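Assemble the complex: chain S is given as a structure, and chain Z must be docked to it using the hints.
Protein chains: 2
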Amino acid sequence: MGDEFDYIAWLRKQAARHPRLAVGIGDDAAVLKFPPAGVPRAPEGCLVTVDMLMEGVDFLIPPATPEQIGRKALAVNLSDIAAMAGRPTACVVSVALPRHGGFELGRGLFEGIAALATEFGVAIAGGDTNTWDGPLVISITVLGDPQGTGPVLRSGARPGDWILATGSFGGSLAGHHFDFTPRVREALALHQAAPLHAMIDVSDGLAADLGHILEESGVGAILDEGAIPVSTAATAARDGRSPLEHALGDGEDFELLFTVAAADGAKLLADPPCEVSLSHIGEIVSGTGCRLRSADGTLRQLSPAGWKHGFE
Amino acid sequence: MGDEFDYIAWLRKQAARHPRLAVGIGDDAAVLKFPPAGVPRAPEGCLVTVDMLMEGVDFLIPPATPEQIGRKALAVNLSDIAAMAGRPTACVVSVALPRHGGFELGRGLFEGIAALATEFGVAIAGGDTNTWDGPLVISITVLGDPQGTGPVLRSGARPGDWILATGSFGGSLAGHHFDFTPRVREALALHQAAPLHAMIDVSDGLAADLGHILEESGVGAILDEGAIPVSTAATAARDGRSPLEHALGDGEDFELLFTVAAADGAKLLADPPCEVSLSHIGEIVSGTGCRLRSADGTLRQLSPAGWKHGFE
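Chains as they are written, first to last, in the numbering used here: chain S, 1 to 312; chain Z, 1001 to 1312.
Where hints are given, some of them may not hold.
Examples of chain Z residues toward chain S, derived with CB under 10 Å [claimed, not checked]: (1) 1048; (2) 1092; (3) 1301.
Pairwise CB distance ranges, derived in the manner of DEER restraints [claimed, not checked]: (4) 277/S - 1060/Z: 35 to 41 Å; (5) 179/S - 1063/Z: 42 to 48 Å; (6) 225/S - 1121/Z: 47 to 53 Å.
Only some residues are given here: those of chain Z computed to face chain S with a beta carbon under 10 Å [what the hints assert, rightly or not]: (7) 1054; (8) 1095; (9) 1141; (10) 1297; (11) 1299.
To be clear, the hints were calculated from the coordinates, so they are not data collected in a lab.
Since the structure is predicted, the reported quantities are computational estimates derived from the model, not experimental observations.
Think of the CB as a built atom: it goes at the ideal place given N, C-alpha and C, for glycine as much as any other residue.
Isolated chain S, as found in the complex:
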């Protein structure tokens, strides 16, 4: 274990930067101290989410760097907390490092994690570092506090709601999936500006994740083909699939997709509470399934059985 990254020493160093962090780092469990009185606290309860990334499945080294992998492993979890309009507070990290080169890899991972954790005020509260003869596996659990009127779920969309989205979609696998900014600040600002009815972060794909909202809310939707913000990467793709297909199907955009009352939607567009672009891409309707409306008003069904596979 001579080449093992000294995780505990590194944690202690990180701890000094995080006034909210953990007493008792190096103990079996960490104790999280919540913010002092005066800082808004969650009404009750807490948010928790976990994601595991595996070498050969979620990334290859190279081209991905250890810093990129560490950053992404935290970022996908921050995006999950953002999707509920929560404030991330702390994380714990478990890793299985390949024995060969594990020290350098571990250091890189944790530098990527620490940079993003610092940016979002997230305490790194502990972890479990292991070495083995297998490929790299990293699992991060993030805790968060619900804010305002409580967590936004997938199940709150109502007929008449506007469907809004942050940013643009498609082509993320060309590189953006490693450097995306989790929409934590945007989610908090939006949730404060208007009651969000339902929200999700787009990880499976715009159509697939809208499908999750529709299914859990028991409603349908109409999306406006021309209103869907297509990313430059999706427009640049030359693989026989249209930019729109990329935008609807690619996944890993990590933008927010949410629904609000129509009046609130108009208000958010007129006076956006965040710098990231907001787009009004459709409406929630009663019924089930999702239809795509083209410029001439034609409606086409988006396959309810296989959202990922695009058009029927």
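Positioned in the frame of chain S, the structure of chain Z alone reads:
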């Protein structure tokens, strides 16, 4: 992914059994609802711990069964919460399942987890299930509430304290490491009966883990050779190492090792608040390092540099 364990469906079924669990299972993050008013709540903050187990490092299949691995992956974390005299509340589980046979393996793992989670009233709040071509990796994060006067740390041992331990030590790898009962109830009962100064669960080995307490408390210790409870498995071992060496060095006993004021130690022994046996195995002294006292009063140093390696 046709053979993938339907984790979300399984979680929803589990959720029904846990009134404290998570609204919004299937959402990106889970929302933990804390117990209703009236149930004692943590003074502030929460406990969090994580452990990752890997096939080929921590277990082999066979002889270990999926149920045993799932149970142990949760049990080691419950033991970490017990070591701080906390009450475990919820867990999240991330797994990388081998593609071949992943369904059966996943089901077995989660049955082992669920049985133990139910026994200890721990909500399974979510997770991340993946398949790949590598070996099994499972990472569990457990959240807990500190109880009473707050979490017991490793750093509170004082000269004059008695050193007490639950259960017996050594030979755990013969099988006990899969079926041990995490000492959650015992830790809570002890912490309520007397102020515990320092505590740890014995995972690295009795000598090594006592070493952690001594180091973090800045104190030394004398252990009474004849007072150390040696397990039947350690006595039965026929490998050239004495039962005492097994008891001091083996690890994975997952018993509690703690220090209390002498008067409280006597009180706990006279009127034990738990059914598991309690042993008074030594005293905390000023200075550093640990010495072993034999029946005739001779003192021998236990190597401070390499606790795991036993005697100097």
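Here is how each hint holds up against the structure:
1. The interface hint given for residue 1048/Z is met, as the beta carbon of that residue sits about 5 Å from the closest beta carbon of chain S, less than 10 Å.
2. For the restraint placing residue 1092/Z at the interface with chain S, the shortest Cβ-Cβ distance is roughly 4 Å, inside the 10 Å limit, so the hint holds.
3. Of the supplied interface hints, the one on residue 1301/Z is violated, with its beta-carbon coming no nearer than about 24 Å to a beta-carbon of chain S, more than 10 Å.
4. Judged by the Cβ atoms, the range 35 to 41 Å given for residue 277/S and residue 1060/Z is violated: they are separated by roughly 53 Å.
5. At roughly 45 Å, the beta carbons of residue 179/S and residue 1063/Z sit within the given window of 42 to 48 Å.
6. For residue 225/S and residue 1121/Z, the Cβ-Cβ distance of about 51 Å falls inside the hinted range of 47 to 53 Å, so the restraint holds.
7. About 5 Å separates the beta-carbon of residue 1054/Z from the nearest beta-carbon of chain S, less than 10 Å, and the hint is met.
8. Hint on residue 1095/Z holds. Least Cβ distance to chain S is approximately 7 Å, under the 10 Å limit.
9. The restraint placing residue 1141/Z at the interface with chain S holds, with a minimum CB-CB distance near 4 Å, inside the 10 Å limit.
10. Hint status for residue 1297/Z: violated, given a least beta-carbon distance of 34 Å to chain S, over 10 Å.
11. Of the supplied interface hints, the one on residue 1299/Z is violated, with its beta-carbon coming no nearer than about 29 Å to a beta-carbon of chain S, more than 10 Å.
Hint violations for this structure: numbers 3, 4, 10, 11, all remaining hints satisfied.
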